[in-house]
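**Student:** Construct the complete structure from the given sequences, taking the supplied hints into account.
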Amino acid sequence: MIKLVAHGSFVAAARQWLVMLMLSFMAGLSMASEAVPVAEDPELEKRLVNLAENLRCLVCQNESLAGSRADFANDLRREIREQMRANKSDDEIIEFLVARYGDFVLYNPPLKSTTWLLWFGPFVLFLGGAVALMLYLRRRRSQITESPLTENQRLQAESLIKEINKD
Amino acid sequence: MMRFMLPLAVFIILVIFLGIGLTLNPRQVPSPLIDKPAPTFQLQQLHDPDKTLSSTENLGKVWMLNVWASWCVACRDEHPLLVELSKLGIVPIYGLNYKDQRDTAMQWLKQYGNPYTASIVDADGRVGIDYGVYGVPETYVIDKEGIIRYKHIGPVTVKSLQDKILPLIKELES
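Residue numbers (full-length UniProt numbering), protein chains in the order written: chain A, 1 to 167; chain B, 1 to 174.
These aren't lab readings, by the way, just hints derived from the structure by calculation. Being a predicted model, the structure only gives us computed values, none of them experimental. Here a beta-carbon is modelled for each residue, glycine too, at the ideal position from N, C-alpha and C. Hints may be right or wrong, so weigh each one.
Restraint-style ranges between C-beta atoms, simulated for each label pair [to be verified]:
no., chain 1, residue 1, chain 2, residue 2, range
1, B, Trp71, A, Lys112, 34 to 44 Å
2, A, Phe126, B, Pro26, 23 to 33 Å
3, B, Ile12, A, Glu43, 51 to 61 Å
4, B, Lys110, A, Leu118, 42 to 52 Å
5, A, Asn50, B, Thr23, 27 to 37 Å
6, A, Arg78, B, Ile34, 23 to 33 Å
7, A, Val131, B, Glu173, 56 to 66 Å
8, B, Asp48, A, Leu118, 43 to 53 Å
9, A, Thr114, B, Asp77, 32 to 42 Å
**Tutor:** Structure representation (structure tokens):
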């Protein structure tokens with residue numbers, strides 16, 4: 001009898017525990033459904049972040065469109081998301097943004113005649129430096145003339161070396 | 001003497017470039033829309049939601065499009081100037097009410113004066129994106145053919161009106 005009572009209370013406890021577990025599980029579920037908008041389409045979000053990381057937020061210029069919390073960045077992310085859903089390619093989306101905001105939205109400036117200095121300037125400077133260094137070294141070499149020591153100087157040097165070795 | 005000339009020349013050129021770079025305002029991003037047709041829109045009017053305004057209605061006249069919002073502090077700076085300008089009747093000013101609430105926007109105009117021939121409502125900022133708006137206020141001058149001829153970023157000032165906007169409007173009108 002005692003055993004039965006004990007068993008009964010065990011069942012009650014187990015049932016209570018099970019209800020708690022289900023409740024907490026359901027709470028977890030409802031929380032998960034609240035977070036859905038971000039992860040609605042993880043594939044698309046990933047593509048969005050990849051693209052937006054290379055785009056500048058014009059309001060907060062040192063942040064990318066992917067990282068910025070500015071309202072402006074939000075709007076542009078929404079726009080990009082919509083265009084991605086409409087099956088636009090990344091290039092088409094970039095073209096859309098550049099047409100409105102200029103090359104400045106791109107962190108990677110395009111190669112064109114106005115950006116030649118930007119792209120090739122460092123290499124030109126480097127080449128110029130290398131050429132200048134070579135010319136300088138060559139000129140210096142021609143300036144150095146070999147002048148052998150006289151007998152006297154040689155003897156003096158030898159005695160100095162000997163003195164040092166003695167210590 | 002000559003051996004110092006070349007490095008000095010290089011240094012001076014560098015200083016000039018850096019000097020120019022320092023005086024540029026990074027907030028003034030040149031708009032690629034200058035000399036391009038103004039993006040079309042058809043939007044509800046602020047004071048009468050039943051009426052819409054489309055950008056094509058303004059073809060044949062020079063007009064200004066001023067992007068504003070009641071939440072925008074800098075808009076308050078330029079507003080008296082726009083009110084004055086509208087009284088002169090030189091150019092119709094249209095307002096693009098950007099990402100705002102209708103009632104607060106109307107309240108704001110009641111309080112500070114309404115320089116706009118009409119204000120249109122861009123509640124979610126989509127037309128703003130088409131116009132390359134990234135801050136408020138911004139002001140566009142659009143010519144008779146519907147081409148954007150000038151974009152002013154930030155509050156309009158007396159100086160920008162005198163030096164740039166009014167001469168341009170005069171030129172476009174003729």
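**Student:** Each hint: holds or not?
**Tutor:** How the hints compare with the structure:
Against the hinted window of 34 to 44 Å, the Cβ-Cβ separation of B/Trp71 and A/Lys112 comes to about 38 Å, which satisfies the hint. Taking the beta carbon of each, A/Phe126 and B/Pro26 are about 28 Å apart, inside 23 to 33 Å as hinted. Checked against the hint of 51 to 61 Å, the C-beta distance between B/Ile12 and A/Glu43 comes to roughly 54 Å, which is consistent with it. Checking the proposed 42 to 52 Å range against B/Lys110 and A/Leu118 shows it holds: the Cβ atoms sit about 50 Å from each other.
Separation of A/Asn50 from B/Thr23 is about 36 Å and conforms to the stated range, judged on CB atoms against 27 to 37 Å. The hinted range of 23 to 33 Å is satisfied by A/Arg78 and B/Ile34, whose Cβ atoms lie roughly 26 Å apart. Taking 56 to 66 Å as the suggested C-beta distance range, the pair A/Val131 and B/Glu173 conforms, at roughly 57 Å. One distance hint, 43 to 53 Å for the beta-carbon pair B/Asp48 and A/Leu118, holds here, with the actual separation near 50 Å.
A beta carbon spacing of about 34 Å between A/Thr114 and B/Asp77 agrees with the range 32 to 42 Å that was offered as a hint.
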